[in-house]
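Participant: Each chain, written out:
2 protein chains.
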Amino acid sequence: MIQVILSNGPRAAPLELAEYGKGGLVGWGTLCGALNGASAVISLVAKDYPKVIDELTGWYNQTALPIYKPSNPETEISTTSISGSPLCHVSVTEWCNASGFDVKSPERIERCRRLAADVAARAVELLNQVVAGTFAPTWTAPGSVGECLACHGTGKAVGNVFGKMDCFMCHERHM
Amino acid sequence: MIQVILSNGPRAAPLELAEYGKGGLVGWGTLCGALNGASAVISLVAKDYPKVIDELTGWYNQTALPIYKPSNPETEISTTSISGSPLCHVSVTEWCNASGFDVKSPERIERCRRLAADVAARAVELLNQVVAGTFAPTWTAPGSVGECLACHGTGKAVGNVFGKMDCFMCHERHM
Numbered sequence: 000m001i002q003v004i005l006s007n008g009p010r011a012a013p014l015e016l017a018e019y020g021k022g023g024l025v026g027w028g029t030l031c032g033a034l035n036g037a038s039a040v041i042s043l044v045a046k047d048y049p050k051v052i053d054e055l056t057g058w059y060n061q062t063a064l065p066i067y068k069p070s071n072p073e074t075e076i077s078t079t080s081i082s083g084s085p086l087c088h089v090s091v092t093e094w095c096n097a098s099g100f101d102v103k104s105p106e107r108i109e110r111c112r113r114l115a116a117d118v119a120a121r122a123v124e125l126l127n128q129v130v131a132g133t134f135a136p137t138w139t140a141p142g143s144v145g146e147c148l149a150c151h152g153t154g155k156a157v158g159n160v161f162g163k164m165d166c167f168m169c170h171e172r173h174m
Numbered sequence: 000m001i002q003v004i005l006s007n008g009p010r011a012a013p014l015e016l017a018e019y020g021k022g023g024l025v026g027w028g029t030l031c032g033a034l035n036g037a038s039a040v041i042s043l044v045a046k047d048y049p050k051v052i053d054e055l056t057g058w059y060n061q062t063a064l065p066i067y068k069p070s071n072p073e074t075e076i077s078t079t080s081i082s083g084s085p086l087c088h089v090s091v092t093e094w095c096n097a098s099g100f101d102v103k104s105p106e107r108i109e110r111c112r113r114l115a116a117d118v119a120a121r122a123v124e125l126l127n128q129v130v131a132g133t134f135a136p137t138w139t140a141p142g143s144v145g146e147c148l149a150c151h152g153t154g155k156a157v158g159n160v161f162g163k164m165d166c167f168m169c170h171e172r173h174m
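Chains as they are written, first to last, in numbering that gives the first Met the number 0: chain R, 0 to 174; chain C, 0 to 174.
DSSO-like, lysine-lysine: derived pairs with alpha carbons at most 27 Å apart:
(1) K21/C <-> K68/C
(2) K21/R <-> K155/C
(3) K21/R <-> K103/R
(4) K46/C <-> K21/R
(5) K103/C <-> K21/C
(6) K21/R <-> K50/R
(7) K103/R <-> K46/C
(8) K21/R <-> K50/C
(9) K50/C <-> K21/C
(10) K155/R <-> K50/R
(11) K50/C <-> K155/C
(12) K103/C <-> K155/R
(13) K68/R <-> K103/R
(14) K50/R <-> K103/C
(15) K50/C <-> K103/R
(16) K103/R <-> K155/C
(17) K21/C <-> K50/R
(18) K21/C <-> K21/R
(19) K21/R <-> K68/R
(20) K46/R <-> K103/C
(21) K103/C <-> K68/C
(22) K21/C <-> K46/R
(23) K155/R <-> K21/C
Listed next, the stretches of chain R that the computed footprint assigns to chain C, with coverage defined by at least 3 CB atoms under 8 Å from CB atoms of chain C:
(24) 28 to 36
(25) 49 to 56
(26) 87 to 100
(27) 153 to 164
To list a few chain R residues with every Cβ distance to chain C over 12 Å, as calculated:
(28) Q61
(29) T62
(30) Y67
(31) R121
(32) G132
Just so you know, the hints here were simulated from the structure itself, not pulled from any lab data. Even for Gly, the Cβ is constructed at its ideal location relative to N, Cα and C.
Pulled out of the complex, with its shape left as it was, chain R reads as follows (with noise of 0.2 Å):
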């Protein structure tokens, strides 16, 4: 069983490797920095990592969060919200609407610790099962992708996309 050690002991991997991801790479707001984390330890574990990384990522999108819950934390939140895409801006964007919070406050600076040990947590949770033999994708591209790449994907009309992010979270549907 694959555990998370939070260690950073001689013969550990260094933590520091996955911080410059804090902020969606250092505060631009691209790709969630616990998605970027969990997703190198995922390559490096598990030979069919594409498959591992797409599930926790469809998950991440999909799903209402933070959903752990520390015992006597610092700072108490109870919004969760649904990102609907990897992108630390949008992510955290969504949830400050939902809560009202602002975007540097300790409630969303929780929120967001939360949230990486839910990632991290559902990273093992997959692992263990690609160890055990029983991983079983579920995650589907977004209805978007396939109605948007029928013309810009590969081959295709346009012929100049590819992706698996929900399209119209920045597009409006043209056809």
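Position chain C against the provided structure of chain R, taking the given hints into account.
Facilitator: Leaving out everything else, chain C in the frame of chain R:
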């Protein structure tokens, strides 16, 4: 002087660690995998790594890429494009639009190979400046960030956004 060591020898960091970033996280189209991998390395080497990553990412957004021209390439390409974004999806689609090549064509794959070389080379340049004590950051956030965060930034009327990407790549001005 820092050099890029392309090796999988027993004492080298495993190159496979950065592979999950391909296609902006195994094809999701989020953060460009070249930026992701380079940023991981920068964060292990430079104490003030956020400024170095900002500089690299700002350069990536604003520069006509790819620059690198290998000798005797299997696939020849001549088109360059400016991404305006650190997101794989935007960067790739801008190049496809500029060149007319399909998103899965050998030419587009060659473009991303060369771009990865460009990003690695630029990261090494910046890290050598850090080591030499000559690193002088020049990157500033796009104008849209200041404009939009005047309402959407922390402590402001809406207070629901942080980020450094150009807002107008995905959003329309609405004031």
